[in-house]
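Top line first, the protein sequences correspond to chains R and P. Positions in the first sequence are counted from 1; adding 75 to them yields the numbering used here. Positions in the second sequence are counted from 1; adding 171 to them yields the numbering used here.
Take these hints with a grain of salt, some might be off.
Unchecked claim - Calculated lysine-lysine pairs in the DSS-like style (CA-CA distance at most 27 Å, straight line): (1) R:LYS723 <-> P:LYS249; (2) P:LYS207 <-> P:LYS234; (3) P:LYS249 <-> R:LYS170; (4) P:LYS607 <-> R:LYS920; (5) P:LYS249 <-> R:LYS913; (6) R:LYS405 <-> P:LYS607.
Bear in mind the hints are in silico, worked out from the structure with no lab data behind them.
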Amino acid sequence: MILRSFFVLFLFLPAARAKVSFNDDIRPLLSNSCYRCHGPDEEDRKGKLRLDTREGALHERKGFAAIVPNNLEDSELIFRIVTDDEDEAMPPPGKGDRFTKEQIELFKQWIKEGANYEVHWSYEKPVRPEVPVVASPQWKVSNAIDAFIYDRLKKEGLTPSEGTDRYTLIRRVSLDLTGLPPTVEEVEAFVADKRLDAYARLVDRLLAKPAFGEHWTRGWLDLARYADSAGYADDPERTIWAYRDWVIRAFNANMPFDQFTIEQIAGDLLETPTEDQLIATAFHRNTKTNNEGGTSDEEFRNAAVVDRVNTTMATWMGTTAACAQCHTHKYDPITHEEYFQMFAIFNQSEDADRRNEAPIIQVVGQENAKHRAELEAMIAALEKETLVLKNHDPDVLEKWESDLKASAGTWQVLEPTKMTASSGATFKMGSDSSILMSGKTAATDDYTIIAASKLKNITALKIEALAYDEFGSGGPGRTGNFVINEIELSAGKTKASFSNATSTYDQSSFEAFAAIDGNAGQDSGWAVGGALGQDHHIVLELDEPLAGSELSLKLLQRYPNHALGRFRISVADSAGASVALSAAIIDILKKDSSKRSAAEKASLTSLYANSNSEATAHIKKINDLKKQLVALKPLTSVPVMRDLPEAKHRKTHIQLRGSYLSLGEEVSAGIPKIFGDLTEGIDRDRLAMAKWLVRKDNPLTARVVANRFWESLFGVGIVLTSEEFGSQGERPSHPELLDWLAIEFMEGEWDVKRFLKILVMSSAYQQSSHVSDEMAARDPDNRLVARGPRIRLTAEMIRDQALAVSGLLSSKMHGAPVRPPQPNLGLKAAFGGGTDWKTSAGEDKFRRGIYTSWRRSSPYPSMATFGAPNREVCTVRRGTTNTPLQALVTLNDPVYIEAAQALARRMMGEGGATTGERLEYGFRLCLSRKPNRPEAARLLALFGEAHSTYAADSELAKQMATIPIGPVPSGADVVDLATLTVIGNIMLNLDEVLMKR
Amino acid sequence: MGLGGVALADMLATDVHALEAPGNPLLPKLPPFAAKAKRVIYLHLTGSPPHLDMWDHKPELVKRDGQECPDEYIKGKKFAFTSGTPKLMGSPRKFAQYGKNGIWMSDAIPHLHEVADDLCVINSMTTDHFNHAPAELFVHTGFQQPGRPTFGAWTTYGLGSENQNLPGYVVLISSGVQPNGGKSSFGSGFIPSVYQGVQCRSKGDPVLYVTDPPGMNRSLRRSSLDALRDLNEAASKEFAHPETLTRMAQYELAFRMQMSVPEVMDISKESPKTLEAYGAQPGASSFANNCLLARRLAEDGVRFVQLFDWGWDFHGTNPKEDIRDGLTTKCATMDKPVAALIKDLKERGLLDDTLIILGGEFGRTPFREGRTSKGKVLGRDHFPDCYTMLMAGGGVKGGYTHGASDDLGFSVARDKVHVHDLQATWMHLLGFDHEKLTYRFQGRDYRLTDVHGKVVKDLLM
């Protein structure tokens, strides 16, 4: 990094300068050598002198001032940086190198010119710069990017490179936009496309592919520190992949970046947020959770909040705020207090380092949501019809009433032979066959009752819940109320299905139907709150008559401490008995119809409306639909951000030295002054912060994001330190271009695909990446963009490419993380489960890298070797070092051997009849171009060598051709396949394959 | 630039221009100062051993065994698994003094008695963290959260390694469990991943993917790598990409590693006498084997060997975690091989320039752990305030006890050594100013000791 900055200085400083620029020339010197002791941090400031503001530098103390504009003699700074006196020299011995002659001259010239300060470049709002008008007879200026690039090259006395050939171009742009190489057919089509806009059409096709979202999500997940485990010692699995899928969908749907920002930072605070907007907030639930025994949840909740502040600042503002957690920033104007003002914004969320990751939401998913809406509409329609059915005919009513009277007494009371309770409670049967519970209790309690019945066609079940003085509130629950969450009845292996449930009394939201809806959750059941101390009963109507001598009945009671205390069970085989008749109704039925009051008549009519045969059939239909609704399982769950209610808001204090245990003064929510303020008149919460991040006057977000996109395509950012835009970061190589891009991005409504298209449509991007020795020495990192980009592929791209060219890659998108083959290490995580895993079956073995299960303490080894981070913290830029261990992965990892074997089978099956054709086909699959003659010859020579080895050793050949992929296809020659596997293995290891060029 | 000359020199050779650099970033480098230690063997006892039953002898605590812990010692303090007033617990072990300077050691570690004159025992260690993962990361990276380079990564970053056919930073894990910090406890954080620890194993692939796939023999591997080289070379001329040469060099290194790694990991060629001295058995995966491997690796020029051994978390939740028999059993797996390692290195003339470090991530309480105090098993809780670490060789004083805890072992009575001080001392022993071996990340120069640390001169020879 440092070497680069030397280069930059060397490369970009013209020998003679008109005027010294504070931002370009002076600030880097002051920042690197002086700010540590004479910067923004008051606590460590020496001699009360601060040099980061003009006011501080000019301030006179004891007759001296560090800087007196236009006056070298009186400027103490000049004396101090020049003097040899060890006691007076600056920087003091041991605190840094002395300034060079050239640097001292810069200081002098700057003071002579008035010692003007400027705001650090990245803190000033970008303004749209004028695009230089350039005349470039040799080179096509396709858009503004090219004008800026060309203008700069010309000043350096350089010329851009010619456009690259179409084979290279399609591979480059396909890898860049989708993370996958083009197919042979795509290459052919593009090369043959003679239309003027062939390239633009290709770009549009690529931007529209689903693979686009998968590819760009990878980089975003590095920033979001997304992983499928919670981190720290035991590092348990975490279910949060709905967030990963949300990001993929957002990229593919081309969600504007401002919306993308707001939903992730504060989707939950939007008015009536959608499920998707809540899932988006999982961005900040990717923080680690510490489940190690004996840890303080508050300590690690604080650590998570700190992480949220730092990640937000790094991701959107390109600013390292972490320093200010412990003390006022040494280099940038972010004070200790301001850090905790930002902390205060994130300090109100409900999560608190809990093992269960609360708060979480159940994700219904789009398919399910559609189905649910349909069911709800059908239920609503049927319920409307129920109202119509209530219009009844008096004659029919009379007939119904007499049937009811006849059947009211046909219940057969069951006498249980065996009863068990999961709590271990004791059952006692009374002389009236009622059952009384006593003894042990537990929070939840399931009763199982076995009883014999003589009835051959049981059509209804009745459970009476009976009052009992010695229970709280007089029962029927052991402590007053009870909740029966689900009732199950079976005879032998036949399980009864219930079509309807009626009761003599329902507590609001705990209606009888909930006891047969298939949901045994604690909030779905029948209860009688509001009518305690009385007898009640529930009657369940069976779908099909049940036959059997031994009945087994289960009462599931999952609401804590709400178990039934006294009850009686009966069954009936008469259709008329399938409705619950309360004592009051029975009294009414006993009365002569003429003597009934209006209210009594109404009760009967209402009962009729719900229990005549036509109505019950109708209700059954509704109940069936309701059951289907309950059975709709959520797709997954996801932790989300949710703020505490106002009354429970936490107070935020400055944390001294960054320790959550030593608190300083209380602070209010806010952002550092240097960046202005949150919008007036709205709550100073995450939503306000999100909106501020994407406000047009935010100086950083658009620059930072535009720079990252640039970096991803060109290999190095316009600001090389894409993670640091503050005074310790690098100056942009093309400041005007960066501002132009930032403005273009914002004014283009934050349209990501449009923006990427601008980048790849530039001639600068389409240049050949050939480099002369001279240019390699002069500009090794291609900061001037005098040639096309050339960078190593990321870990995921290397894997995906091998699977793609060999034809193994699955195009299945979304869903739970998958587990491709990895070696068993036989190790456990500390206090946690094994780190080995069972390889996913079928196509899940061959999914894109983005879907690979990401365990923080033991990331997928082959991807980690290629620099994939463990995602414990926000990663802005991955390293691209080359190591011998990488060579071992692509040479020997069974995943790559299997890819080579599949590639061999493809060469054999699709490549043609001759060895030459087959080798050429494999080469084209891997490199999107044909081999030249020497390449073809060298491959053929290797083929010959390998072939003779395998021809002489058929066992060796068989191993190479089949382990791990499996038996050779019928009719295929094992020796040929083994030989082509060796060829495939070498092709997948070619430098040109591992690079984008 | 705010960087020491060393870091700068490293960056010239490694960081950004690794691609252009001849060879690779792990080429050996000299430190800025003359140094005693040339390599490190770090033996981490994961979970943290009960130092009061092994090294720090507290007769007063024994006298007051069973008494309630005085309030002044625990007031306002948090412990992982103890609340209320715990009971003081003197060590049930027998202590005696060994070596010419009378180093105190208990009967749990009889073999270490024999190398007392080589040991540097620090009884005044203190750390900032009392949960395993944060404390472990703290001692290895100088920071309690994951994400920073470990001491091993800093060492290889600063010194490279002497043998390019082996990884420069090797990690060996025993007792079947990863360290608490997972891979972060031997990671490279934000410095290039070429400096991260490489896990080597005595079962399966000794290094992941080092073995040729079934159906590939050495001569075919050689000829296919030759073809790869020719094709890459032609392409690098055709497309004028000088960096391609670096990749070719990496493939050659990989090829050599394929032979040298299995060779060094195979202890079966050691003499029966050596195997017996360590208590090592070819084919097993034990701490004893790993100690022997550490010697072999050090001998072959590996810069940093890191061992992690699980099972030192003596809470008393089961008989294995009892400071009486449980500790005797566990120590038997550690004491003998560590003593053998020290003697072996000494015999081979390697002890003088090999720094050995032994210890956990914190200490254990002078009182009986609250959670398990009603059972029969005697255990101690996590304790950060005062504990013991050991070093040997590599320029540290042998037969030396540094600092002291108070009478009951609750706090440092003399010569406190904070984890950052110990790290500063390690860097010093390797020839670095710990404030100057830095790496710039996100606009800040990071170092192993964060913003703290003072070299403990008394520990040096």
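Hint by hint, here is what the structure shows:
no., hint, in the structure
1, R:LYS723 <-> P:LYS249, "25 Å, holds"
2, P:LYS207 <-> P:LYS234, "43 Å, violated"
3, P:LYS249 <-> R:LYS170, "39 Å, violated"
4, P:LYS607 <-> R:LYS920, "47 Å, violated"
5, P:LYS249 <-> R:LYS913, "40 Å, violated"
6, R:LYS405 <-> P:LYS607, "18 Å, holds"
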